[in-house]
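Chemist: The primary structure of each chain is shown beneath.
Protein chains: 2
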Amino acid sequence: MWRGILHHYKKLLPPIEDRYIVTLLEGNTPLIPALRLVQYLKIDVKLYLKYEGLNPTGSFKDRGMTFAVSKALESGHRAILCASTGNTSASAAAYAAKAGIEAFVVIPQGKIARGKLCQAMIHGAKVVQIRGGFDEALKIVRKIVEDHPMVLVNSINPFRLEGQKTAAFEICDALGDAPDYHFIPVGNAGNITAYWRGYQEYQKLKKVTRSPKMHGYEAEGAAPIVKGHPIIDPQTVASAIRIGNPASWKAAETARDESKGVIDSVTDSEILEAYRWLANLEGVFCEPASAASVAGFVKCCKKKIFRGEETVVCTLTGHGLKDPDTAIQNSPEPVTVDAELEAVLKVLKL
Amino acid sequence: MWRGILHHYKKLLPPIEDRYIVTLLEGNTPLIPALRLVQYLKIDVKLYLKYEGLNPTGSFKDRGMTFAVSKALESGHRAILCASTGNTSASAAAYAAKAGIEAFVVIPQGKIARGKLCQAMIHGAKVVQIRGGFDEALKIVRKIVEDHPMVLVNSINPFRLEGQKTAAFEICDALGDAPDYHFIPVGNAGNITAYWRGYQEYQKLKKVTRSPKMHGYEAEGAAPIVKGHPIIDPQTVASAIRIGNPASWKAAETARDESKGVIDSVTDSEILEAYRWLANLEGVFCEPASAASVAGFVKCCKKKIFRGEETVVCTLTGHGLKDPDTAIQNSPEPVTVDAELEAVLKVLKL
Chain A
-10 MWRGILHHYK KLLPPIEDRY IVTLLEGNTP LIPALRLVQY LKIDVKLYLK YEGLNPTGSF
50 KDRGMTFAVS KALESGHRAI LCASTGNTSA SAAAYAAKAG IEAFVVIPQG KIARGKLCQA
110 MIHGAKVVQI RGGFDEALKI VRKIVEDHPM VLVNSINPFR LEGQKTAAFE ICDALGDAPD
170 YHFIPVGNAG NITAYWRGYQ EYQKLKKVTR SPKMHGYEAE GAAPIVKGHP IIDPQTVASA
230 IRIGNPASWK AAETARDESK GVIDSVTDSE ILEAYRWLAN LEGVFCEPAS AASVAGFVKC
290 CKKKIFRGEE TVVCTLTGHG LKDPDTAIQN SPEPVTVDAE LEAVLKVLKL
Chain B
-10 MWRGILHHYK KLLPPIEDRY IVTLLEGNTP LIPALRLVQY LKIDVKLYLK YEGLNPTGSF
50 KDRGMTFAVS KALESGHRAI LCASTGNTSA SAAAYAAKAG IEAFVVIPQG KIARGKLCQA
110 MIHGAKVVQI RGGFDEALKI VRKIVEDHPM VLVNSINPFR LEGQKTAAFE ICDALGDAPD
170 YHFIPVGNAG NITAYWRGYQ EYQKLKKVTR SPKMHGYEAE GAAPIVKGHP IIDPQTVASA
230 IRIGNPASWK AAETARDESK GVIDSVTDSE ILEAYRWLAN LEGVFCEPAS AASVAGFVKC
290 CKKKIFRGEE TVVCTLTGHG LKDPDTAIQN SPEPVTVDAE LEAVLKVLKL
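In the order they appear, the protein sequences are chains A and B. Here my numbering is used: position 163 in the first sequence is 152, and no number is missing along the way. Here my numbering is used: position 48 in the second sequence is 37, and no number is missing along the way.
Some hints here could point you the wrong way.
Copies of the same chain are indistinguishable here, so a pair counts whether it falls within one copy or spans any two.
Lysine-lysine pairs mimicking DSS-like chemistry, simulated, CA-CA at most 30 Å apart [claimed, not checked]:
| # | residue 1 | residue 2 |
| --- | --- | --- |
| 1 | Lys202 | Lys292 |
| 2 | Lys202 | Lys(-1) |
| 3 | Lys35 | Lys196 |
| 4 | Lys100 | Lys288 |
| 5 | Lys128 | Lys338 |
| 6 | Lys100 | Lys335 |
These aren't lab readings, by the way, just hints derived from the structure by calculation. All of these numbers come straight from a predicted model, not from anything done at the bench.
Given the sequences, and given the hints that come with them, work out the whole structure.
Modeler: Written out as structure tokens, the structure reads:
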């Protein structure tokens, strides 16, 4: 019986007493072979999708949140706080509910996908929307914790990245070694940092023979690391990575440099193309930001960086159901007819 | 590495050649202990939630769809067809995409939750909405397959229930034996039939010592089995079980009778209460129909049917993200303020 990442990888994580562990049995997500996509792209690599949308709240954030909330309990706190583009707040709200403590959430108004907003609300978090972006929300919550007895559960909380590194462990456990390349979306830059740490630790423990080249992808309109300066008003359809001043900026650059990897950007149209390909060719529905990893992979295919037979993993950070509106906007409108056989056959062209 | 239910339970399922298997690595879903809910209800049972919302398309339908679509390929078909209240069409569309074949979908107009509709569309199914209910849609697709070379993948397809029975296997594998009681929503009545078959087969194989009492719950406005006659215009907030003439009616009654169980109904307000409790107390977000199982459990707690220490499993059939609108309607509206510390503190009452 799967008992969540804190139990499963206990020996590889900072200590936490069992009685404080708050878990929704996160982790243990599928690593899906993407055969039709590589056929379509006419590229000779073994491509896998790490489908993090199948975590309990629909995103990879749960891996870090189980640890951050458990540690909050261990230290005697009864409230957590975060800024969020949506996934962090959904996860924080759910784990706070499971723990029986309060969650406070600050989000940018009108820039949170519908599914994510409804999650924070239904799990009973205290939500406030600000007229501003994620970076301003993060500044505000950093100030709040200075004067209030609550734990900040953004990725600057060290237990968040410790939890998130378990996704790299799972990939290595499933493949029997690390992949040659790992592609991942970059927003606040915590996840690329966490994966790199996970791969490095597994290599040091000799559980794998190597670590992958880390390929991180920002959205072109929200690409501070690529451009080398913070972006004041970041813009992209990929709302989960609409961040102009990433908290883990330097650590992400270290991951890139140590792994001989790349941090690059992809356009919204490249992101949406990858998003549709995943849904149409692989039957995998992810949120737009997730598709940045696959858009980056496609960009590398065009640049012909692969020699053949490499193993490549793309992380899909969140489920497509997080953002139904983008899916509807990217699909034809369904036709409505009377409940009669002939009318139905005509629309289906049968 | 988890390879999906057809590989994992191969010996317990009808034969299928490996080369035809179409999988998104469905199954292997968490069985979450619900400690706070039983505390809140002051009831002395071991309650577990089988969280089927963590299947690839967000519902239990994937367990059956992997089998139905694989069998469609094996028999040389290049198209599948279904009627749906939403979850079946989402699953059919995704697995058809993965298989590279066509999916045709007939759904009741205006009665499909937002998330489900967007899934069928983004995965490229041919969708037609009818001015009518699910039961009429099912009649129409039954007629269509008489004259067209496509496979019907509703639960009358025998491989659907064969796949779905694996959820019972997983529960037994996780607990080490079958539970005393199994609570489950009832719509088209295929799932209660499939679980019962799974439990019975495990008992015959002596993998467990017993089978549970099966407790199925219809929504009060869509309760044909409870009322003993088809419902012409079924009504309930639980759109996934808004069905007036279930295809597996008799098999569900058999499951009830053989297991010494119950098929009863719960009101929409009982369903929504259970839905909010799950989100608020357990951090588990399910679609409204899923909460019918827990609403049924609560009803039984009030009737004092438990003597103490029984093991009880409730199936949560789909993820809450399938239906964001119901979540938003059941939550307070978030307040919006300027991006300033004082304004945020005031709203959060800090």
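Chemist: Measure nothing new, just compare the shortest in-copy and cross-copy C-alpha distances for lysine 202 and lysine 292 to 30 Å and report within, between, both or neither.
Modeler: Only inside one copy: lysine 202 and lysine 292 sit 16 Å apart there, 60 Å across copies, limit 30 Å.
Chemist: Between the shortest in-copy and the shortest cross-copy C-alpha distance, which are at most 30 Å for lysine 128 and lysine 338: within, between, both, or neither?
Modeler: Close across copies (18 Å), not inside one copy (55 Å); limit 30 Å.
Chemist: First find the shortest C-alpha distance between lysine 100 and lysine 335 inside one copy, then the shortest across copies, and answer within, between, both or neither for a cut-off of 30 Å.
Modeler: between (40 Å within a copy, 22 Å between copies)
Chemist: When no copy is named, should lysine 35 and lysine 196 be tagged within, between, both, or neither for a Cα gap of at most 30 Å?
Modeler: Within one copy, since 21 Å is at most 30 Å while 37 Å is not.
Chemist: At most 30 Å between CA atoms: does that hold for lysine 202 and lysine -1 within a copy, between copies, both, or neither?
Modeler: Result: close within a single copy only, 26 Å intra versus 37 Å inter.
Chemist: For lysine 100 and lysine 288, with the copy left unspecified, which applies at a CA distance of at most 30 Å: within, between, both, or neither?
Modeler: within (27 Å within a copy, 40 Å between copies)
Hint compliance for this structure: no hint is broken.
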